[in-house]
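**Q** Chain by chain, the residues:
Number of protein chains: 2
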Amino acid sequence: MAALWSVLKGPVRTSLTNFRRPLTTMASRVDERVRDLLAEVVGPGNVSSSLAVREQHGRDESFHACKPPDVVVCPASTAEVQQLARICYEHDLPMVPYGTGTGIEGGVVAEQGGVCISLWRMADIVALHEEDLDVTVQPGVTRVALNHHLRHTGLWFPVDPGADASLCGMAATSASGTHTTRYGSMRENVANLEVVLADGRLLHTAGEGRHTRKTSAGYNLTNLMVGSEGTLGIITSATLRLFPQPEAVASAVCPMPSVTAAGECTLQLLRSGVPVARIELLDEVMMAACNRYKGLDYAEQPTLFLEFHGTAASVQEQIHTAGEVLSGCGAGQLRWALAASERARLWEARHQAYYAARALRPGSVGYVTDVCVPISKLPQVITVTKDDLVQSRLTGPIAGHVGDGNFHCILAFSEHDQQERQRVTEFCDRLVTRALAVGGTCTGEHGVGLGKRRHLRHEVGETALGVMRQLKDALDPKGLMNPGKVL
Amino acid sequence: MAALWSVLKGPVRTSLTNFRRPLTTMASRVDERVRDLLAEVVGPGNVSSSLAVREQHGRDESFHACKPPDVVVCPASTAEVQQLARICYEHDLPMVPYGTGTGIEGGVVAEQGGVCISLWRMADIVALHEEDLDVTVQPGVTRVALNHHLRHTGLWFPVDPGADASLCGMAATSASGTHTTRYGSMRENVANLEVVLADGRLLHTAGEGRHTRKTSAGYNLTNLMVGSEGTLGIITSATLRLFPQPEAVASAVCPMPSVTAAGECTLQLLRSGVPVARIELLDEVMMAACNRYKGLDYAEQPTLFLEFHGTAASVQEQIHTAGEVLSGCGAGQLRWALAASERARLWEARHQAYYAARALRPGSVGYVTDVCVPISKLPQVITVTKDDLVQSRLTGPIAGHVGDGNFHCILAFSEHDQQERQRVTEFCDRLVTRALAVGGTCTGEHGVGLGKRRHLRHEVGETALGVMRQLKDALDPKGLMNPGKVL
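So the sequences go chain by chain: A and B.
Counting in the numbering used here, the first sequence runs from 90 upward without gaps.
Counting in the numbering used here, the second sequence runs from 90 upward without gaps.
I should point out that these hints are in silico values taken from the structure, not numbers from a laboratory.
Note that the structure is predicted; figures quoted are calculated from it, not measured.
Some hints could be false.
Since the list can't tell identical chains apart, any single copy or any two copies may satisfy a pair.
What the hints assert, rightly or not - When the alpha-carbon atoms are kept at most 25 Å apart in a straight line, the in silico SDA-like pairs for lysine to any residue are as follows: (1) 475 to 220; (2) 475 to 451; (3) 561 to 479; (4) 561 to 572; (5) 561 to 172; (6) 561 to 465; (7) 475 to 386; (8) 475 to 382; (9) 567 to 427; (10) 567 to 212; (11) 561 to 332; (12) 383 to 144; (13) 561 to 404; (14) 475 to 410; (15) 475 to 140.
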C-alpha cells in the first residue's frame, strides 16, 4: 500500500473499531502464577493485563475484529524473549509478536488469546557497517528511525511500505512498497535474522553475526522466516542491505489516455532498461478524489507518478528516455520536479490517496485489496476490475505499484450497510479469482494474516499448502506461534 | 568461480579421476524387479546400469571421489519423474538428481548408491513471457542455451557461474557469478519452482503457473528450495526473471598497487553508487600465471577487471566516475574496451585463470576455495591468506568476485604428494576459520555438497543446523533425497 498507509494510524483505527466483531468473553489462559513468571522475566512494570492495553494490542490498522491477548509483556532483550517463549511453551500459551501494529491483514490479532510480546523496548541499532552497506536492527527500530539515523552516512534503506513500520515486522510480512521495482522487497534485502523459536531456542538464520552479500551455506532459513508472519518464530533482530543515497532524484506526474496506455507505457519503460525507482498508477477516480480532497488541479485521467534516481546526468537521460516512451503512449502534459520540496508537492496526490478515497464517501470505512499479477496482465485486470466496481455499485479508486504488477482498490463503504459489505466481500473474491486466473497472487505485499487464508489453497495448491503445514508442524509442534495466521 | 569453470569439463575431469578414492564394491540396491519398474516408466532405452554410464554420473567437476549410482534413468517429463520418485520411495531407494554435472562440491556423488535421475531429456523452454520479463525452463536447459534462445528478444538472464550449467541445477545450488553485484544471484532471480518431492508429490513453490514480480502469500517455498542441492526434492522446472540487454557495455582492466588498494577501490565504487556490472580481482600471482600461459603482457600486480552496463551516455559517465575512483586509489594504466571483440580480448586473462593457475604446476590437480566475507574485510582476509599460501608452500593464485566479498584460491597441487595434500586440507580449514571469524561464510556460491558439511555447524550454529535437520526430516522423512549432502 506504500506511502498512503502512513496516514492510517489515527482516525481510521477509531472508525474501524465499531466495525469489528464484539469481543468474546473467555477465561484468560494466563493465570496469576504464569503472570508472575512473566513478570519475573521483564519486571512487573512491563506486564499488563489491563483491557485498554490488551485491546490496543489485539488489532492492527485493518478492519479485522479486535481479539485481545490475555496479557501484554514488553521484554528488553533477546534473552528475555527466549525466557518468555520457554514459559509459554511449557504452559502451552499462544505467543503473538507485536511490532508497531501497522499491519493490515490482522497479523497481531490474538485469535486464541495468550501472550502478546510487544517488542518496542528493543530499539537498538545493533551494528552499522557503513563500508559493507549493511545494518543490524532490533524490532523497535522503524524504517523512518533507521533512515533518520543513516541521514549523514550517505546510505539509506529503500523498502517503504508507507507505514512507519518496524523493520523486523516488515521482514515478518515480506513487505515491499513504491521502491521495489528498483531496489527489491524485504525478500531481497534481508541478509540475516535472529529468531526466537517456539521452545525458546535462538536461531540465527545465516549464523550469528554473519553479514555477507551472498551465501550458499545450507538451507535459506532467512527467506523462510521472511514472510512467515510470526508463525514460525519471533524475529528479534534483522540484518539489512543498505544502498548509497542517490545523487539526484527527479519526479514526474503524467496523465495517460487510459489504464491500458499506462500499462503499455510501464511495460515499455521496464523493457527499455530505464532503472525507474518508482512507477505508480492512480486511476481517474482516484485523481478526481485527490483533486477534490486537496484542491488540486490534476487532469482527471489515469495518471503515472514516476521517480528516477541516479547521477544528475543519468537522471536527465532517464527523464529524456522516459519522456519519449511516455509521449509515444499518448501521455498528456508532464509535470517534472527535481527539488525535494517540488517533488513532495508533486507526490501529494499519491500520498493522500487513502484519505481522498475515503472522503468520497463521508463516514465510510476502508478496505484495501492487494492482488499482484504478471505486468502484461495488469491493464486487462484493472480494466475488468473497474467495470466490476461499477457493476457492484462500489466506490473503489485504484492506486498501484504498476512496475511490480501490484495494485490496490481502496474500497470506501458504509460499515452499517450489510448489503454493501456483502458486495465488498463478493467483489474482493472476484478480484482474487481474476488475479489468480492470469498467474497472479492474492497478496503482493500485505501478507496472508487472517484475511487471505481462504485464498491460499486456491493460489498455491494442495501440495504447497501441505508442505507449509509440514514446516509449521516441524518448527512449532504445539501450534503456539501466532496461531490462526497464514495457514 | 564464474567463467573459469566453463573450461573445466575436459582434461580436468580426466586428471582428477586418479585422485579419487577407489570405488567400493557393494551390492546394488536396485534389483531386477525395480529396474523393470523404472524401465516401464521411462522406456528400456532410458535406463542404464553400465559401469561407464554410472561412473559418469557419480562425480561432478570436482576432486570428490566418484561414487556411482546403481542405475541411471532419464525421464522425459515431470510426470515420469513423479512416477520414478514413487517407485524409489516405495523401495527406500536414494534419489540423486543430475543436471549437467558441472557442480564442484560433489553434489551428484551417489554416496549411498541408488537411482540417479538424469534430467537432460527435459529440455523445453516451457513458457517465455517477454512482456513480463520472465521465462520457465526445464532442467535440460542450460544458461547458454537460454541466452541463445533469447538473443533476438532484447532480454537475457545474467546469472553466470561460468560453467554452462543447467538453470534448474543453478537454482539447486544457489549459484551466482560475475554479474551478481549488479543483477543478484539465483536467490533473487527465481520466481517459482516445480519440484517433485520424495514421495512423488508435485510442488509448485509459488503455485502452479504463477509468475509475479513479488508475492507475500504464505511461506517462501521458492527460496527454501533454491540452494537445497537436491536434498528436499527434484527441481523439474524453474521460472526465472529476465533483464533487458544493456544498450552499451564497457570493460576495463586496471592494475592496482596492492590487494588492499583494490579492496578500497571496490568499496569506494560501491559506495559511489556506480552500478558496476562486474568487478573481479586477480592477484599478482594469477596475473603472472595468465601472462605466462597466454603470452600476455599485463602488469604483474593485483588487477581489477571491471564491466559497466547501461546506455551509451551512462556507460561513459560510469567510466568517468570509476576512472576517478581508480586513480584516487593509485591505479596504474587502465585499458578500456567497448567493442565486443576487444572486451573478449581484455577478459581473456580472467577467463583463462583456472588453466593458467594449473599450468604453474604441470601435472597438478586443482581445488578451488569459495569463502565470502563482508566486503570491508576482503583486503585483510586476502592479504593474510596470501601469507598463509607462502608459509604453507602452496601454489594458489587468487581470483574473486570482490564486489560481493567472494574470492577463490585456485590451488594447484600434486595428487601424489600426500604431504602437500595434507597442507592443502589444513590451508583450506584455516581459510574457512579466517572467513568465519570476520562474519563470513565458507561458501559464497559453490554450495555445501560433500566438501563443506564439516564447516556448516561452525558457520550457522547448532540451532540453525537443528532447524535445517527438522526441515529435511519433515520433507524427506526416509532420507532418500540426495543423501549425505548439505547436512
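**Q** Hint by hint, say whether it matches the structure.
**A** Evaluation of the provided hints:
no.: 1; hint: 475 to 220; in the structure: between (48 Å within a copy, 23 Å between copies)
no.: 2; hint: 475 to 451; in the structure: within (21 Å within a copy, 71 Å between copies)
no.: 3; hint: 561 to 479; in the structure: neither (41 Å within a copy, 50 Å between copies)
no.: 4; hint: 561 to 572; in the structure: both (11 Å within a copy, 23 Å between copies)
no.: 5; hint: 561 to 172; in the structure: within (21 Å within a copy, 27 Å between copies)
no.: 6; hint: 561 to 465; in the structure: neither (35 Å within a copy, 37 Å between copies)
no.: 7; hint: 475 to 386; in the structure: within (23 Å within a copy, 66 Å between copies)
no.: 8; hint: 475 to 382; in the structure: within (21 Å within a copy, 66 Å between copies)
no.: 9; hint: 567 to 427; in the structure: neither (55 Å within a copy, 61 Å between copies)
no.: 10; hint: 567 to 212; in the structure: neither (30 Å within a copy, 44 Å between copies)
no.: 11; hint: 561 to 332; in the structure: neither (34 Å within a copy, 35 Å between copies)
no.: 12; hint: 383 to 144; in the structure: neither (34 Å within a copy, 74 Å between copies)
no.: 13; hint: 561 to 404; in the structure: neither (46 Å within a copy, 48 Å between copies)
no.: 14; hint: 475 to 410; in the structure: neither (30 Å within a copy, 47 Å between copies)
no.: 15; hint: 475 to 140; in the structure: neither (42 Å within a copy, 64 Å between copies)
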